[in-house]
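Undergrad: Given the sequences, and given the hints that come with them, work out the whole structure.
As given, the protein sequences belong to chains A and B, one line each in that order.
Using my numbering, you'd call the opening residue of the first sequence number 7 and step up by one each time.
Using my numbering, you'd call the opening residue of the second sequence number 294 and step up by one each time.
Derived by calculation from the structure, the hints in this document are not laboratory data.
A couple of the hints might just be wrong.
[As the list claims (entries may be wrong)] Covered by chain A, per the in silico footprint, the following chain B stretches (three or more residues, Cβ under 8 Å):
1) 325 to 336
2) 404 to 413
[To be verified] Below, a sample of chain A positions facing chain B; criterion: calculated Cβ distance under 8 Å:
3) 20
4) 24
5) 44
6) 48
7) 50
8) 52
9) 59
10) 60
11) 95
12) 99
13) 103
14) 107
[What the hints assert, rightly or not] Have a look at the derived ranges for each label pair, beta carbon to beta carbon:
15) B:329 / A:64: 18 to 26 Å
16) B:494 / A:9: 27 to 35 Å
17) B:414 / A:34: 23 to 31 Å
18) A:65 / B:307: 29 to 37 Å
19) A:84 / B:473: 15 to 23 Å
We put the beta carbon where it would ideally sit given N, CA and C, even for glycine.
One-letter residues, chain by chain:
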Amino acid sequence: MLLATIIVLAVGTYLIRLGGVLLRDRVEFPDSVQRLLPLAATALLAALAVTAALMEGAAFAGVARPAGVLVGVLLAWRRLPFVVVVIAAAVTSALLRLAGVP
Amino acid sequence: MTSSRTPADRRLLRDAAAIAAAMVAVGASFGAITIAYDLPTWVPFAMSTLVFAGGAQFLAVGLIAAGNPVAAIFAGLLLNARHLPFGLTVSEVIGPRLRDRLIGSHLMTDEVVAFTLAEQDPSRRRRTYWLIGVTLFTFWNIGTLLGVLLGGAAGDPATLGLDAAFPAGLIALILPSLRDRTTRRVALSGAAIAVLLTPVVPAGLPVLCALAGLAAVFLPSRRRKDP
Chain A
7 MLLATIIVLA VGTYLIRLGG VLLRDRVEFP DSVQRLLPLA ATALLAALAV TAALMEGAAF
67 AGVARPAGVL VGVLLAWRRL PFVVVVIAAA VTSALLRLAG VP
Chain B
294 MTSSRTPADR RLLRDAAAIA AAMVAVGASF GAITIAYDLP TWVPFAMSTL VFAGGAQFLA
354 VGLIAAGNPV AAIFAGLLLN ARHLPFGLTV SEVIGPRLRD RLIGSHLMTD EVVAFTLAEQ
414 DPSRRRRTYW LIGVTLFTFW NIGTLLGVLL GGAAGDPATL GLDAAFPAGL IALILPSLRD
474 RTTRRVALSG AAIAVLLTPV VPAGLPVLCA LAGLAAVFLP SRRRKDP
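TA: In C-alpha cells, the structure reads:
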C-alpha cells in the first residue's frame with residue numbers, strides 16, 4: 007500500500023510535468039496564448055514565493071521569515087549577486103529567531 | 294559541460310552551489326522527518342528520486358504517516374499541478390528530442406524554471422535548465438541520505454533561516470522580469486490572490502488561482518495620462 011501510494015504520486019507528478027512539455031507541440035496554441043505562457047510561469051513563481059514568505063499552512067508565518075525575505079529582496083533589487091541575496095535572507099531570519107523573534 | 298567556461302557560466306555555477314547547499318539542508322530535514330514518522334527507510338529515497346518535488350514530499354509523508362494515503366496522493370498532485378503550465382513554458386528550452394524531454398521533465402522544479410526564465414539567450418537557457426536541474430536532483434538526494442543517517446541531528450531548516458532563503462531566491466530570479474509593467478501587474482495580482490486564498494482553500498490551489506492574475510494583461514495599459 008505504501009509503495010503503491012508513492013508510485014501513484016510519482017507517476018502522476020511525472021505525467022503532469024511531461025504533459026506540459028509534450029502538449030506544447032501537440033496543441034496549436036494561438037500567438038496570444040503563447041505570449042501569456044512566460045507571464046503565467048512568472049505569476050505562479052511569484053505566488054509561490056510570496057505565499058512561502060508570508061504563510062505557514064493557513065496562518066501567518068510570523069516576523070522572522072518575512073523579514074529575512076524582505077532583506078533578500080532589497081539586496082536583489084540593488085542587484086547584489088544571487089548568493090548574497092540567499093545567504094542574507096537566511097542569516098537575517100536565523101538571527102531574528104536566535105533573538106527570540108517568532 | 295563542454296570545455297570553455299565563460300564568466301556567465303561561473304556565475305551560474307556559483308548560484309547553483311548556493312541553492313544546492315540549501316537543498317542539502319532541506320533534503321536532510323525531509324529524510325529526518327520521514328524516519329521520525331517511523332516510515333521504512335526506503336520511503337524517503339523512493340520519494341526523493343521518483344517524486345522529486347519538495348513541497349509535495351513533505352505534505353505526502355505527513356498524510357501517509359497520519360494513515361491517509363489517498364489524501365497524500367490527491368494533495369501531492371494538486372500541489373504539483375503547477376508543473377503543467379511550467380512544462381508548457383520550458384518545453385522549447387528542453388528541446389525536441391524525446392530522450393531530453395523524458396529526462397528533462399523529471400528535473401522540473403520551481404527553482405529550475407525560475408533560473409531558466411531568468412536567462413534571455415536560448416542556448417544559455419538550455420544550459421541553465423540542465424545544469425540547475427541535475428544539480429538540484431543530485432543534492433536533494435544527497436540531503437535526503439544525510440537526513441536518514443543523521444536523524445534528529447539533521448536539525449530544523451528554520452533554525453538556519455532556510456525557509457526565508459528559498460522565497461528570497463525565487464523573488465531575486467523573477468525580479469528583473471518585473472521591470473516590465475504587464476509582467477509586474479500579473480505577478481503582483483497573482484501573488485495577492487494566492488496569499489488571500491491560502492487560509493481558505495487546500496494547499497496547492499492558491500498558487501494555481503494566481504493564474505487569474507493573467508487578467509491584469511487585459512487592463513487598459515495607458516490609464517495614467519500624467520508624465
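Undergrad: Among the hints numbered above, which are violated by the structure, and what are their numbers in rising order?
TA: 14
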